[in-house]
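When you get a sec, could you build the whole thing from the sequences and use the hints?
Per our numbering: the sequence shown = residues 5 to 398.
Hints are supplied without guarantee of correctness; some may be wrong.
When the alpha-carbon atoms are kept at most 20 Å apart in a straight line, the in silico SDA-like pairs for lysine to any residue are as follows [claimed, not checked]:
#1 Lys168 / Arg130
#2 Lys168 / Glu127
#3 Lys168 / Gly137
#4 Lys168 / Arg86
#5 Lys168 / Gly128
#6 Lys168 / Thr129
#7 Lys168 / Arg217
#8 Lys168 / Gly33
#9 Lys168 / Ala76
#10 Lys168 / Ala77
#11 Lys168 / Arg101
#12 Lys168 / Val222
Hint data in this document are derived by calculation from the structure and do not stem from the laboratory.
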Amino acid sequence: MHLGGPGSRAASAAWLRRALWTVALTLTGGVTRHGRLPRGGCVVVANHSSHADTAALLAALDARHAPLIGAAADYWFATPWRRRICRRLAAGFPVRRTGGGFDDLLGTAGALRAGHAVVLFPEGTRGRDGAVGDFRRGALLLAERAGVPVVPVGLAGTDRLLPKHGRLRRTHLRVHIGAPLYGPVTPAAARDAVQLLATRAAAAPLPDSRLRRRTAAVVTSRWGLPLAFAWAFAEALSWPLMPELFLAVACVAAPRAGLRLSPAALTGSLAGGLLALQLASTGAHLPAPLTTDRMRAEVSRQLAHEGASAVRHQPWDGIPYKVYAAEAGRAQLPADDWLLASAEARGSRTLTVGLAFAALGALGRPWRRRYPVYLGPLGGGFAVGLGLIVLGWS
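Rendered as structure tokens:
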């Protein structure tokens, strides 16, 4: 048996398909894989409950095997446009379900010996109740004739993502690849192996990190909203770390909480800004770390020309909100004008950032275990950006 891989053209096309379906499934909830295919060619047999099964397998199987997908000739090759879609997006080949189907399978024996993986659904049609139906012998005889192993694969979540005759719904998919089965394999043995893997896949928890779980537990507890409020309130007075950093940490850890944390942070920012204005109007000077005299001079100039509406520049010029609030107080601007202008300027930024990071957390759900890795570039990027802003205004 040839232990190399498919040709470079087939392998490149397989990598492109894998990238395509990985991105597509990431947008619909993600896909995780457990296990790997063995070296060399193999016949993959999997449970079948949805058209999404093919996408899940193409995203999860090793692209170096350049998988070929057996597809029902009377459906996927019945019209020219379906034929093109099946071949180009799924590397599909036709298999007749009535008469001549095994001859269609034998046509892939050369590809198997060249290192391809041939993917087949031995049930012959999509199931409905989640149970794996009886297997036909064709896939197993093909493996025996080609001298390659049978690899059982269990899929979970595809029937929810795209139910038979149903609508697309967001859900996470799991693909469990089992140990290869060598020698003559009976339909019952292959079916039992696939059923066991499908059951394990359905019960498998989503990979996660302890740090993300702990962060999510805090921000979704009764302390979450007060913490978001207090962070933003303190930043509007003196604290050097902007509330958007808190939202970047919290909303990625707990995306659903973003809908509550973002307004809480905005409220805290406005309340802190109003207090900073009142204190500065009485002559009080609060500590303002990581700010410069040039920042204060520029804000004073803007306020003199534009009044309270000058705060609209704050989301874009890098000058902290506390500088605007303090200078507005020293300029004796009316509190109601300041609050209204701040709500518009801060609201557009804080709410947008919070919802954007919540969306990032939702899209990145399959990679929750990488949450600590995400925090590294986030903190580093924030530190570098803050340093450049302070340097630029020095």
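These are the hints, each one checked on the structure:
| no. | hint | verdict |
| --- | --- | --- |
| 1 | Lys168 / Arg130 | holds, 8 Å |
| 2 | Lys168 / Glu127 | holds, 15 Å |
| 3 | Lys168 / Gly137 | holds, 16 Å |
| 4 | Lys168 / Arg86 | holds, 18 Å |
| 5 | Lys168 / Gly128 | holds, 14 Å |
| 6 | Lys168 / Thr129 | holds, 11 Å |
| 7 | Lys168 / Arg217 | violated, 34 Å |
| 8 | Lys168 / Gly33 | holds, 18 Å |
| 9 | Lys168 / Ala76 | holds, 15 Å |
| 10 | Lys168 / Ala77 | holds, 18 Å |
| 11 | Lys168 / Arg101 | holds, 19 Å |
| 12 | Lys168 / Val222 | violated, 40 Å |
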